[in-house]
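**Q** Listed below, chain by chain, are the residues.
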Amino acid sequence: MGFFMILFTLIGGITLSAQSSINGTLSQKAGTIETTFLTFLTGTMFLTILILFFGSGNILALLDAPKWQLSAAFLGTMYLLLTIMAVPKIGVIAANIAGIAGQLIIGIIIDHFGWFNSLVIEFDLKRAFALLFMLISLYFIYKGNKRLNIETNTKTI
Amino acid sequence: MRIIFYFLALLAGAALSFEGGIYAELGKTIGKLETSFYNFFMGSIIMGLIWLFFGKGRLTYTLEAPKWSLLGGALGVVYLTSIVVSVPFVGVGITMVAVIIGQLAMSMIIEHFGWLGSKKNRINKEKVFAVISMIIALILIN
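The listed protein sequences derive, respectively, from chains A and B. Counting from 1, one number per residue, gives the positions in the first sequence under the working numbering. Counting from 1, one number per residue, gives the positions in the second sequence under the working numbering.
Treat each hint with caution, since some may be false.
With a straight-line cut-off of 20 Å between C-alpha atoms, the simulated DMTMM-like cross-links for lysine to aspartate or glutamate are [as the list claims (entries may be wrong)]:
{"no.": "1", "chain 1": "A", "residue 1": "Lys143", "chain 2": "B", "residue 2": "Glu64"}
{"no.": "2", "chain 1": "A", "residue 1": "Lys67", "chain 2": "B", "residue 2": "Glu64"}
{"no.": "3", "chain 1": "B", "residue 1": "Lys28", "chain 2": "A", "residue 2": "Asp111"}
{"no.": "4", "chain 1": "B", "residue 1": "Lys28", "chain 2": "A", "residue 2": "Asp124"}
{"no.": "5", "chain 1": "A", "residue 1": "Lys89", "chain 2": "B", "residue 2": "Glu126"}
{"no.": "6", "chain 1": "A", "residue 1": "Lys146", "chain 2": "B", "residue 2": "Glu64"}
{"no.": "7", "chain 1": "A", "residue 1": "Lys29", "chain 2": "B", "residue 2": "Glu25"}
{"no.": "8", "chain 1": "A", "residue 1": "Lys89", "chain 2": "A", "residue 2": "Asp111"}
Note that these hints are calculated values from the structure, not bench results. Quantities reported herein were computed from a predicted structural model and do not represent experimental measurements.
Turn these sequences into a full structure, and let the hints steer you where they fit.
**A** Dropping the structure here:
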């Protein structure tokens, strides 16, 4: 069961990459804001069907939920909007690597302080090295893209 | 100039982490699928308003666009659902590692072959190093 779940999650990651490139493509003709809007709109439609059949929670409890929890929707919107802006400019790999780095850095900070009732996991040497490797990764992706640009530019000249 | 877009992508990831932390709490009271629904529903409203006031593109293009390019929303739902379903079975750590590895592998393939309308960019050794460094970072965190 565990193996099957990991496979399923891998597919989740694959769809996230596919989403960023598909949206990047659509945004070049339809516009960034329009693409983000459309993604949320169609996502809502699919989830409405899913909830009607498989939802086991209580959607009305939203009205009683603390407002700071509800404000996360602005973050979700920001994520999609920024990704759609970045992909056409720096490519799928660079946008995904930078996004993952941002995610892990904030994840480490949230863990360290135990924000949002999360488990407290303190920042240690291992995580410091993890941070270092992330920076190395960002450096490589930036350098790799820069070289590629120089190559294409010389070709056009 | 281009470096700004790296920062924007970093910021996008940061937003995703905050979002994840907060939604985990919300999910406890209203349910996980309901939380995803709330995210997409509110996102539609926020983006609808932004579009009304600041939209400069062409929304009607969606009617002419190839149908596969409209699948972004559906894929986002698959992503969210896969996480929601697998976390209780294998834990957050392994789930995130699997998601990110899937994401990295797929981005490499997409960009190398220029799939899904993205610009075709050959994989070079810098990009392979970047992915390897990211995987090492992931292992160190968990």
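**Q** Now tell me, hint by hint, if it's right for this structure.
**A** Taking the hints in turn, this is what the structure says about them:
{"no.": "1", "hint": "A:Lys143 - B:Glu64", "verdict": "violated, 37 Å"}
{"no.": "2", "hint": "A:Lys67 - B:Glu64", "verdict": "violated, 40 Å"}
{"no.": "3", "hint": "B:Lys28 - A:Asp111", "verdict": "holds, 19 Å"}
{"no.": "4", "hint": "B:Lys28 - A:Asp124", "verdict": "violated, 29 Å"}
{"no.": "5", "hint": "A:Lys89 - B:Glu126", "verdict": "holds, 18 Å"}
{"no.": "6", "hint": "A:Lys146 - B:Glu64", "verdict": "violated, 35 Å"}
{"no.": "7", "hint": "A:Lys29 - B:Glu25", "verdict": "violated, 38 Å"}
{"no.": "8", "hint": "A:Lys89 - A:Asp111", "verdict": "violated, 32 Å"}
The structure fails hints 1, 2, 4, 6, 7, 8 (numbered hints given earlier, in ascending order).
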